[in-house]
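Asker: One-letter residues, chain by chain:
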Amino acid sequence: MRITVNVNSVEMTAEAEPRTLLVHFLRENLELTGTKVGCDTSSCGACTVLLEGESVKSCTVLAAQVDGMSLTTIEGLADGDVLHPVQEAFRANHGLQCGYCTPGMVMATVSLLAELDVVTEEAVRNGLEGNLCRCTGYHNIVRSVLDAAGVLS
Amino acid sequence: MIPATFDYVRADSVDEAIALLGEHGPDAKLLAGGHSLIPLMKLRLAEPTVLIDIGRLRELSYIRPVNGHIAIGATTRHRDLEISEVLAETVPVLAHVAGQVGDAQVRHRGTIGGSVVHGDPASDLPAALLALGASLVLRGPAGERVVPAAEFFVGFLETAIGPDEVLVEIRVPPTIGGFGFQKFNRRAMDWAIVGALVATTDTGTRIALVNMATTPILAAASEAALLAGSSVSEAAGLADEGTTPPEDLGASRLYRRHLARVLTRRALESAGV
Numbered sequence: 009m010r011i012t013v014n015v016n017s018v019e020m021t022a023e024a025e026p027r028t029l030l031v032h033f034l035r036e037n038l039e040l041t042g043t044k045v046g047c048d049t050s051s052c053g054a055c056t057v058l059l060e061g062e063s064v065k066s067c068t069v070l071a072a073q074v075d076g077m078s079l080t081t082i083e084g085l086a087d088g089d090v091l092h093p094v095q096e097a098f099r100a101n102h103g104l105q106c107g108y109c110t111p112g113m114v115m116a117t118v119s120l121l122a123e124l125d126v127v128t129e130e131a132v133r134n135g136l137e138g139n140l141c142r143c144t145g146y147h148n149i150v151r152s153v154l155d156a157a158g159v160l161s
Numbered sequence: 134m135i136p137a138t139f140d141y142v143r144a145d146s147v148d149e150a151i152a153l154l155g156e157h158g159p160d161a162k163l164l165a166g167g168h169s170l171i172p173l174m175k176l177r178l179a180e181p182t183v184l185i186d187i188g189r190l191r192e193l194s195y196i197r198p199v200n201g202h203i204a205i206g207a208t209t210r211h212r213d214l215e216i217s218e219v220l221a222e223t224v225p226v227l228a229h230v231a232g233q234v235g236d237a238q239v240r241h242r243g244t245i246g247g248s249v250v251h252g253d254p255a256s257d258l259p260a261a262l263l264a265l266g267a268s269l270v271l272r273g274p275a276g277e278r279v280v281p282a283a284e285f286f287v288g289f290l291e292t293a294i295g296p297d298e299v300l301v302e303i304r305v306p307p308t309i310g311g312f313g314f315q316k317f318n319r320r321a322m323d324w325a326i327v328g329a330l331v332a333t334t335d336t337g338t339r340i341a342l343v344n345m346a347t348t349p350i351l352a353a354a355s356e357a358a359l360l361a362g363s364s365v366s367e368a369a370g371l372a373d374e375g376t377t378p379p380e381d382l383g384a385s386r387l388y389r390r391h392l393a394r395v396l397t398r399r400a401l402e403s404a405g406v
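As they're listed, the protein sequences go chains B and Z. Quick note on the numbering used here: the first sequence kicks off at 9 and runs consecutively. Quick note on the numbering used here: the second sequence kicks off at 134 and runs consecutively.
To be clear, the hints were calculated from the coordinates, so they are not data collected in a lab. Keep in mind that this is a model prediction, so the values were computed, not measured. We put the CB at the ideal spot given by N, CA and C, even for glycine. Careful, some of the hints might be misleading.
[Stated by the list, open to error] For each label pair, taking beta carbons as the anchor points, the in silico distance ranges come out as: (1) Z/R177 <-> B/E39: 23 to 31 Å; (2) Z/P296 <-> B/R142: 41 to 49 Å; (3) B/G88 <-> Z/V147: 44 to 52 Å; (4) Z/G155 <-> B/M9: 17 to 25 Å; (5) B/N16 <-> Z/T138: 28 to 36 Å; (6) Z/V147 <-> B/M9: 18 to 26 Å.
Just chain Z, same shape as in the assembly (with noise of 0.2 Å):
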């Protein structure tokens, strides 16, 4: 499967590939590691006029602390979080489900900025970083704004993110306790049927659902159901509550709710909810 024919440009840095966004309109794609990208170009369901690589820039690669969040720079490969001290310190749920994506190939191409922009539902990463309330760092020619990551996830394949913007840095809190993530597939590089990773955050407990919507979605009843007290077996039994979960053929919708009740139970457990 070959992609369709387009232009290659390489931007040395950011303020470059944004002009080069507006230069070249909304049929120019960014490219970072392509590993969401590049298969879709191959079947043809993405056809960009125009690429424009950043996933050489230095710039936008790393994890540092700063002020009470840890900022993430948005060509950040998996396998650099994976590895990293800093999040394995401060947010290791993070480094943990990194390490998940995919497959060691994948981990050392994909960018978590790619995936996060991507926005699929089915990715571990984007409902990480809801569970932990992450926000994102857009730049764009008006300059920078910040979108929590509640706002950020608006449909299928779809985000908050301007034709003409770059996400450049993810902001994500420290934890403050256990996690838990559950991901079921049927090969272990594949995307995750359904999903349940739970987070102890200083607002609490958080349980995100990886593939049970168009986005990556909270299980609020859950949630609230912990809140009031209840088990972790009787909030895990309401994970389901409130998704739009899709069916192929990796499963029914059926099953996926169970799945998600299940997962969320075991996540919980993990996590020492």
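Looking at chain B on its own, in the form it has when it is part of the complex (with noise of 0.2 Å):
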């Protein structure tokens, strides 16, 4: 079948099986490769990405399901080459080591600011359940989601 996406403002068409997951779609179809399979079983995150500003793990939904609808990933986040501010945080405090989930928390971590009325580190830490760090680097990831909040102490 014929998926059309908007992704990071750009309209993008490919032909896709209608069992394509969206990750694969992202990642195979249109050659975006910022965004990870880690898990594969929704519970990592690494694949996450925004779907109409909202994150979603795109290794459990369907390209099918999100045809004619507007999409964010890593690769849509920095203006140029300056840096979403989250991303700048993110680099500013060590906020990755191996580097792998950070595709996945930058995103899930625009989408919980975007969300959150307090920003709090318990609330940085729930809001980031779903995303998996293997490197055990949540220490400074938390501290990046504070610094992009401008509540960092």
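Grab the two chains, each in its own frame, and use the hints to assemble them into the complex.
Answerer: Written out as structure tokens, the structure is:
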């Protein structure tokens, strides 16, 4: 079937089987490989992208389900060479080690900060429960998110 | 993991979805958020030949008070329940439980109707609906019927819904007092190893257990003990009576029984019973 999505403000179309998962559609059909496949069981969050502005796990969404909808991936955050504030905060606070979970962490953070009225460390830790980091880098990730929100003490 | 092949059709109305179910037969499945069905399809535990997508039916996404109860459209997402002002005022336990399902990403996609018709005894919302005395509105070719939650969950991943029916609405009576929800798991986003939910309704203190049988189940002995004047700890000590908990990597049967008693006590305490 023919699937058209708006990814990072660009309309993109590709042919794919109905069973194609969104993460594979992004990576293989649209060649946007910033989004990672981690656990492939909707646990780890490495495949997190924004669907109509909200975080979703793209390994548990069919590309067919989002035909005609808007997506944001990690490739769409920076403005040219200027990093998005969340990306910049992860860089400044060493919020990554191997970097594999990072695209998902950053996208989940963008969604979380848009939803939180008051950003606290507890709210960040709860809000990122759907993203796993196997370098055990949570301490600096949480610092990065607080910094991005302007509340790092 | 890739699902087996299937045909995909999008229904533009509930009536069209019912017609498509009739046309494609029992191997067709409805798809809403897909957060129960797609994982099963990836594991090839489910291999529907046709998916009928009802995920975009705005007519099934709402939360509103109607005639003394709260009417919730079947494709209302967990996130919408979590932040609903109507639920915060009338059935706050349901908003709270929805906010504990999976993680933020899951709650952005998963729907209450999808969770209910999946009928997993380890999921939180079916137990909540059982405790609350909710009703499920099913629409099929012959019209609508209303099934109480107590009669809807009939076995493991098995419900009273017919192959040509669509769950369109969940009706929940308002609660009248405190609530408690205790969910025990090893990773924050996981299914409950055991959960205990306490709601105060006009029929008294209701206690439902998650993952303690092949269906969500009421802690009937605890409820009866409270009615008879037992203390919270005495009543909670009976929570596992009549349950048939599973045994798996998460916990043994014995440990689940222990958890049911402990979590019920904590849930009763946090409900202020």
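Asker: Quick check: does the Cβ-Cβ distance between Z/P296 and B/R142 fall within 41 to 49 Å?
Answerer: holds (43 Å)
Asker: Between Z/R177 and B/E39, does the beta-carbon spacing fit 23 to 31 Å?
Answerer: Holds - the Cβ-Cβ distance for Z/R177 and B/E39, about 28 Å, lies within 23 to 31 Å.
Asker: The hint says 17 to 25 Å between Z/G155 and B/M9; measuring C-beta to C-beta, is that right?
Answerer: holds (23 Å)
Asker: Go ahead and decide if the range 18 to 26 Å is satisfied by the Cβ distance of Z/V147 to B/M9.
Answerer: This hint holds: roughly 23 Å between Cβ atoms.
Asker: Confirm or reject the claim that B/G88 and Z/V147 have a C-beta distance inside 44 to 52 Å.
Answerer: holds (47 Å)
Asker: Evaluate the given range 28 to 36 Å for the C-beta pair formed by B/N16 and Z/T138.
Answerer: holds (30 Å)
In the structure shown, no violation is registered for any of the earlier numbered hints.
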